[in-house]
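Undergrad: Chain by chain, the residues run as shown.
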Amino acid sequence: GQSLEQPSEVTAVEGAIVQINCTYQTSGFYGLSWYQQHDGGAPTFLSYNALDGLEETGRFSSFLSRSDSYGYLLLQELQMKDSASYFCAVRGGNAGNMLTFGGGTRLMVKP
Amino acid sequence: KAGVTQTPRYLIKTRGQQVTLSCSPISGHRSVSWYQQTPGQGLQFLFEYFSETQRNKGNFPGRFSGRQFSNSRSEMNVSTLELGDSALYLCASSFSLQGASGANVLTFGAGSRLTVL
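Here the protein sequences line up with chains U and G, keeping their order. Going by the numbering used here, the first sequence opens with residue 1, and the numbers climb by one from there. Going by the numbering used here, the second sequence opens with residue 1, and the numbers climb by one from there.
Just chain G, same shape as in the assembly (with noise of 0.2 Å):
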């Protein structure tokens, strides 16, 4: 089965504008979890949604949100970009939430590297 699709993979944005990255999950999982991952701080939460509603959030200032739709496709937006928000964002999905019983492995997309001039 596909895996965890993210778009754009790259792109370069000036500050103070926004952006929008996209991730589809794979197909039946119901979660999907954000992460900036950057060489100084390494990989940290951002965000989990599951069935459309978000269900935790990391330590991100406001301008960092995010939304999920029914179909469990999710989109991250970062606004008023600001040098640092420069990193490559990750997008996970798991069958369910991350708090759930088991391993709870997660699935990791290839990333959208954003570049922020």
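Extracted from the complex, chain U is given alone in its bound form (with noise of 0.2 Å):
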């Protein structure tokens, strides 16, 4: 099976850099997803690696080390609006190759 760790909550103030890891356990490993979503709305996807290193994307960067099982989600120059639940996902090796969730990271962040 598959399963990820993510810290439950996370605090910064406007205008930081703020860094989210994940950790994760997979029998097969096909990528690591980073998905945000406000409060009452939909998840909307972020980035994507499948092969190691650091994809930016604007203020977000995403980076992943397949030996070490990890990755994260870097945001820069912290908004407001960057307030919500950040979850990263992985596709692995079981039958199907689904998407499974972490339990998600809730970001606040403060004036």
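None of these hints come from the bench; they were simulated from the model. In this text, all values refer to a predicted model and were calculated from it rather than measured experimentally. Cβ coordinates follow ideal geometry from the N, Cα and C atoms, glycine included. Careful: at least some of the hints might be erroneous.
Some chain U residues near chain G, calculated using beta-carbon distances under 7 Å [as the list claims (entries may be wrong)]: (1) P43; (2) F101; (3) G103.
Two chains, two separate frames, one set of hints: put the complex together.
TA: What follows is the structure in structure tokens.
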């Protein structure tokens, strides 16, 4: 099976940088994704890493280390609108390869 | 183009009843997945449909079922509702099966919030 661990809550101030970590266990691995979900909203895709290294998309970056079964989402120049829950998700090698999501990290950005 | 549409958005049922939720995927998307989201369990995979066939199923009892129509629209049904079925049910569509190569980005609908009394 697959399991993912991420912190339940992170607090940061506007303009700061925050890193949300995700460690995973999976019988196979095809990639790590990140999704953002605002309260009352739908999860939206942020990024995907299939290979080791850093992927940058504007203020957001995502990193993957397959040897460490670890990844993180880096949010720079935090804005109040970044307050949301962030989910890592892994596609593994079990039957179907469906996405398995972590429990989510609630990010609170304070002024 | 229009996003993923889920209906109804909110509904209240009582224990023992059954419920049907509907999902219209993005035009051209052939894969529809369903997830249950609760504060305690997070996002849990229910099932995935592709070309009218159930391709994958999560660890849920047989009371949870679904189907997909030829136009890729999908429905899920929960019979004999229990209090623990209260949750946000999310539908997501993608162009290909989740097991396909690449990022396989899921586009989620806003969800159907089910309350069981």
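Undergrad: For each hint given before, does the structure comply? Return the numbers of the non-compliant ones in rising order.
TA: Of the numbered hints given earlier, the structure breaks none, since each of them holds.
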